[in-house]
Amino acid sequence: MMPWFIGFIIFGLYPMIMSLYYSMCRYDVLRIPQFIGLGNYEKLIFEDPYFWTSINNTLVYTFLRVPLCILGSLLLAVLVNNAVKGVKFFRTIYFIPSIVTGVVLSVVWLWMFNPQYGLLNSFLAYLGIPGPLWLLDPNWSKPSLVLMSIWSIGGGRMLVFLAALQGIPKHLYEAVDIDGGGWWARFRNVTIPMLSPVLFLWSVLEIIFSLQVFVEAYIMTQGGPLNSTMFYNLYLYNKAFNDFEMGYASALAWLLLIISLIITIIQFRLSKKWVHYEGMIR
Amino acid sequence: MKNQTIKSSVKNISIYILLSLFALFFIIPFLWILTTSLKGDAQIFTIPPQWIPETFHWDNYTKVFDRIPFLLYVKNSVFISAITITGTVLSSSLVAYSFACLKWPGRDFLFIVLIATMMLPIQVIMIPVFVFFKEIGWLNSFKPLTLPAFLGGGAFNIFLLRQFFLSIPKDLLDSARIDGCSEFKIYWKIVLPNAKPALATVAILTFMFTWNDFLGPLIYLSDQAKGTIALGLGMFVGQYVTEWSLLMAASMLMMLPMLVIFFVFQKYFIQGFLMSGLKE
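Heads up: the sequence lines are chains G and F, in that order.
Residues in the first sequence are numbered consecutively from 1, following the working numbering.
Residues in the second sequence are numbered consecutively from 1, following the working numbering.
Quick caveat, the hints were computed from the structure, so don't treat them as lab data.
Careful: at least some of the hints might be erroneous.
Mimicking EDC-like on lysine to aspartate or glutamate, the simulated pairs with C-alpha atoms at most 20 angstroms apart in a straight line are [as the list claims (entries may be wrong)]:
no.	chain 1	residue 1	chain 2	residue 2
1	F	Lys-189	F	Asp-171
2	F	Lys-134	G	Asp-177
3	F	Lys-134	G	Asp-243
4	F	Lys-134	F	Asp-223
5	F	Lys-11	G	Asp-243
6	F	Lys-7	G	Asp-243
7	F	Lys-11	G	Glu-245
8	F	Lys-7	G	Glu-245
9	F	Lys-103	F	Asp-41
10	F	Lys-226	F	Asp-108
11	F	Lys-143	F	Asp-66
12	F	Lys-134	G	Glu-174
13	F	Lys-75	F	Asp-171
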């Protein structure tokens, strides 16, 4: 127990307090932090246009990516829940892309998105459709990154959804069949409510992860074109480790924490409307 | 009756068609990376693309080793991963043991704190931790990347192991206690051997994370000779962005251990994700 406690203090509690303190300082690592109160926050919110650009980019990315990924994994889980021969083989194939993450994922998709010779535009050209510039077009850069993350929907999320699907009692579906409902009725009235706790948990987690997007933008676009992929975290990294404005970057980090918290609280509030817990009386 | 069989086989066929379409969507990028990695410069830029290169440029792979100190990076990454995995498995299992099998005041409260730290954006603690390591002179060494693993081993891993330890029968532990076993001995001799699949899962997930970690090495390692493979690949992009065949060869090389580990330990991946969903 002790090691974790020390670890928690050194790498949890102490940094949190220090980070809050730094966020109220002017601090460039070389000199001692200078306390300036809420100055960093004021500057961020009222004077820094990049702050709002990065928030906007990050939110757009998050709200494009999370619903698509969750829905995609769910549909995939429903598909591989069919007890046909060889379905395990397909599950394995679907899972493989999800082990490719971070730098490798970014590098190989940089090549796939290549407007002239990449896989995507070669394929589109074959179909006679002129492909977009993908990462080089400010309107396409965020959707491109979302598309890239869809390649990984067959990972852990799909497996968790699959396990949850297999835990749904058969008699619930039979009841729908007796009422004469089709697959949509089964999906809408049994699958979604029964899976809603898992779907809720993952949507909370995925939003938090998405708000922290970094490596993709750092490797693939460096925030461009026209700052269209200047995500919150990339901006924070640049402030902290390129400009060495540690105080300012700490203020950014705390605002991210507050934004994450607000979104999570809203999700919890909304969840009362749609999440169905077994044995809960409504 | 006959109608029924026709209907169900139509259903099966359409399921197979869907399954195969998705399989193509997931697999084709791999083939594309592989074939690009074996092409010469001229062959890459052909329209339409060739799926099977005219001549196989295996030397792309050896060129990677000439351009960047690839072997050194692999060595560094393996070193960091090995220490991190050891530290993570040891300390997260120890902490998980005390959360799952021991009773002490404040335990449940601290467990909630632990869960809450999983939600915390890493950026909030990143800067003070960086400053801390700078103050004690650990920058540009492997220590900031490896030693923290011995202190706790990550909230998610603790959570995962705790869930698994809870499923070990209490009677087993209690009878050992009656026999006068020390708690550490129970942990070492009974709990750990019974939790091998869960420990393997933690080890594998830790490996995947460490092998791919980019932000950590980027912040802490400035000396090129200390770079990790993820960092090396990232630099490769900046320096040789037009040499796609080399980049893809390097990516294949970095992907390879992960693919091998995935195929060997497939069931642990699945277990890991399912364990995180275990009920209280």
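Q | Unsatisfied constraints (hint numbers, rising) | A | 2, 5, 6, 7, 8, 9, 10, 11, 12, 13
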